[in-house]
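2 protein chains.
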Amino acid sequence: MRDEITRTDHKYVEVAERIETQIENEVLKVGDKLLSVRALSKEQGISLSTAFQAYYALESKGLIEARPQSGYYVKHSKRFMRDLPRPSEPLDEALPVTIDDMINSVYVNLNSGSLLNFSMAAPAIELLPVAKLNKAVAHALRESETSCLHYEHIQGSVALRKQIGRQAFNWGGTPGENDIVVTAGCVEALSLCIKAVTRPGDAVAIESPTYFAIFQLMQSYGLKVVEIPTDPVTGIDIDHLEQAITRFDIKACLVVNNFNNPLGSCMPDDRKERLVHMLALKEIPLIEDDIYGELYFGKTRPKTCKTFDKKGLVLHCGSFSKSLAPGYRIGWTIPGIYKDAVLRLKRMHTVSTNSLAQAAVANFLENGRYELHLRHLRKALHTQSLRYFQAVCEHFPEDTLITRPQGGFTLWIELNKKINAFKLHKRALKHNIGIAPGQIFSSQGTYENCFRISYGAPWSPAIEGGIKTLAKIIHDWR
Amino acid sequence: MRDEITRTDHKYVEVAERIETQIENEVLKVGDKLLSVRALSKEQGISLSTAFQAYYALESKGLIEARPQSGYYVKHSKRFMRDLPRPSEPLDEALPVTIDDMINSVYVNLNSGSLLNFSMAAPAIELLPVAKLNKAVAHALRESETSCLHYEHIQGSVALRKQIGRQAFNWGGTPGENDIVVTAGCVEALSLCIKAVTRPGDAVAIESPTYFAIFQLMQSYGLKVVEIPTDPVTGIDIDHLEQAITRFDIKACLVVNNFNNPLGSCMPDDRKERLVHMLALKEIPLIEDDIYGELYFGKTRPKTCKTFDKKGLVLHCGSFSKSLAPGYRIGWTIPGIYKDAVLRLKRMHTVSTNSLAQAAVANFLENGRYELHLRHLRKALHTQSLRYFQAVCEHFPEDTLITRPQGGFTLWIELNKKINAFKLHKRALKHNIGIAPGQIFSSQGTYENCFRISYGAPWSPAIEGGIKTLAKIIHDWR
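Protein chains in written order, with our numbering: chain A, 2 to 479; chain B, 2 to 479.
Hints listed in this document are in silico derivations from the structure and should not be mistaken for laboratory results.
Careful: at least some of the hints might be erroneous.
The list treats identical chains as interchangeable, and a pair is accepted whether it falls inside one copy or across any two copies.
Think about it this way: if two alpha-carbon atoms lie no more than 27 Å apart in a straight line, the pair counts; the simulated DSSO-like pairs of lysine-lysine are [claimed, not checked]:
| no. | residue 1 | residue 2 |
| --- | --- | --- |
| 1 | Lys76 | Lys469 |
| 2 | Lys312 | Lys469 |
| 3 | Lys469 | Lys427 |
| 4 | Lys427 | Lys340 |
| 5 | Lys12 | Lys76 |
| 6 | Lys312 | Lys252 |
| 7 | Lys196 | Lys252 |
| 8 | Lys196 | Lys340 |
| 9 | Lys163 | Lys252 |
| 10 | Lys431 | Lys34 |
| 11 | Lys76 | Lys300 |
| 12 | Lys418 | Lys469 |
| 13 | Lys312 | Lys283 |
| 14 | Lys62 | Lys380 |
| 15 | Lys300 | Lys30 |
Start from the sequences and build out the full structure, keeping to the hints where you can.
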């Protein structure tokens, strides 16, 4: 059904956006009554059903509420939101990594069905085009001479690489199929790229906080990490990075520029260009994890560092795991001048990637279904991000700081310093609630009073109950 | 169709086997005329069609031939076969590995459709149960609440691990589902296991010759390899290994005991027990690549080292890639006391394995289809091994030495010392024929006059033409 909605839905969206702007600018204030649906319809010269749709959209974002027998009221204004967390201030050191045991403790119960899981940065299944993907699987089996039982090219299916190349057009990329290497998810892409550009003992610069799986990879390859201060809106501090490169003899850089996990920050495109330029002058490879890039809440897809890469020093990594089919484990990298090295490592460690999943994803994209699906997914995630955000604002203590993600899946929450997030995780687990404590997002034991929640699951009474329970644990902290 | 044949085919098999024994013992000699079908039927008290089936089975193995208007004649005796290659005598050194470029040259054209590919040790698609696997995929999608879009357990699907545990019964194993880790093919299993038990700079003992992908893994982890002499019938030389362990401070051992690639050797089970015992006394972990173990040509499945593992020091690795579904990339390891280390590495480098492929394979096995399929696959491979073997005997120069594989996919051929196998590979490629030259099976540049061919593809005029062309290139060598 969802996929059938077309772009003729413009009118209600436009009306809703104008009302949203009025709320943001406090032309309409919290508690104000809105026009009746009938009055709105008359005033705007739109049908009753379009007027209803506009209010419904605002309601689903949590900006207005319907009061029985009375009408619609403004419920929420961005002016009332909590402060942002401060830009991070990690220690200025190159450190070996040792947060492994904590991560294992957080993720050991991941697949327990009863867990209310705020710790997985992934979309709920109901947000995915299940029926159409199943059709794509059936198609792929029918169209393949071998029913996808053959070993695929080590570099990946040609049909899929073509589609990944086409998709790159959205961020200003024009890779040929020969520039792309398909991998078993984005983590394999990152693993191969890190290994391709470093040797044990090298120092690598990363954002702080950083997705913990990246620390684990660094640890596994015997690398040191240098954590660079990162702003929850604009991303890594380029000046600081430039100084760190000299001081720590940094050999590579790894960033999640678009909707950083956990911060949700998005580096503005002109800063990306500056970052690429600065690193190119020093001949330092930049691994770019763009796994969330398509999941933007703004008007356009943000560009990538690869967009500005003239020397082939950017190793772009992406995946369909966060936007289409987590269980298929299909990712890719566009590794520039490191392609041969990446391919050689791929051959050594996992050979080719699953043929059937590659063919199914290629089929889905060939039929133009991905763009349509992404539009719906972005809307849903945006709405969910606002709902979760507001619930945290409403229930958590006054001194809580919260990020405003511009895309992706995650809220980063900074609590009063007396709260230890790893203990919070342990206590929440007793209530069957999973969160990702701040400690696992740094090698320095910082972010002790921070944690990450994912808003990948649609808003529901159970989710609301979970957030209230978390709030209660924090309120009752001792 | 093939899967419908049942075990009532015993009678003709039994008669054929008795005739085969007579040929082996030269009770029947090459050129001898066999009884007519009618006479055989009378003599043995079997139906005419059973007698026909028996001769047909012997003919398909290339042991007898039908001469028009005349009857069946003995065509081939094992007594007339070429000598075996000698047990290997690798240099007694711990060496870093550098055969990478040669391997890339051999495997760059792997997916070219026009190539007559003797270089892939894998089954032809027509030997696989394509239709039933497709049904298993459809079943898996229907039965899964998420249509297999969820991230699977990092350790692998519970249903699949149960089936792998059941299958292990064949070699005397009784692993629980919790002892097994599912991987993206056997290469990932080996990669994780090697990494789990070694550190860069360590020395690892392997067979000589050894499957080149294993060298590449060792190289990638910065390990040294010590190549141990290996017999083309009974496998690695345990006494030599024991001495090498002390001299080179060996930290781990990796063997392909069952139908070694490329030798086709199968270590007798009592030697396996001795090997495990010897290594256990020294607390040295043994990585066992059992990917070909189910593809035996004899009466029973050979045991594994894991069968005799009391201390949990054996890391058993297997896969469905060679026996069921190459493109699905589903393998596993039973890593004993190293399970936590292996799981941690799996989480770091590829997270979970494709959910759909795991569910499809589990479904296929649950329905008892795997055993039936394996019976047919073993027969087909045995027949193919004999056909290829005989063609090489027939067409190659007199001084050619050839292995007699007891299972698996590969013949290892030793040519006159004047022939350089890497040059042979280059020349064969001009005729669109792919072989695996001996040089890539050692880090010492030995086996220069050896090469490996796979008999995974059913016998055909094209295959015969390919072998004749290879023979001609060798005969015309200058």
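Evaluated hints:
1. Lys76 - Lys469: within (19 Å within a copy, 83 Å between copies)
2. Lys312 - Lys469: neither (50 Å within a copy, 49 Å between copies)
3. Lys469 - Lys427: within (17 Å within a copy, 69 Å between copies)
4. Lys427 - Lys340: between (43 Å within a copy, 25 Å between copies)
5. Lys12 - Lys76: within (23 Å within a copy, 83 Å between copies)
6. Lys312 - Lys252: within (16 Å within a copy, 42 Å between copies)
7. Lys196 - Lys252: both (12 Å within a copy, 23 Å between copies)
8. Lys196 - Lys340: both (12 Å within a copy, 24 Å between copies)
9. Lys163 - Lys252: neither (32 Å within a copy, 45 Å between copies)
10. Lys431 - Lys34: Classified as neither: same-chain Cα gap 42 Å, cross-chain 81 Å, threshold 27 Å.
11. Lys76 - Lys300: Within one copy only: 24 Å inside, 77 Å across.
12. Lys418 - Lys469: within (20 Å within a copy, 79 Å between copies)
13. Lys312 - Lys283: within (11 Å within a copy, 52 Å between copies)
14. Lys62 - Lys380: Classified as within: same-chain Cα gap 10 Å, cross-chain 64 Å, threshold 27 Å.
15. Lys300 - Lys30: within (25 Å within a copy, 83 Å between copies)
Consistency note: the structure conflicts with the earlier hints numbered 2, 9 and 10.
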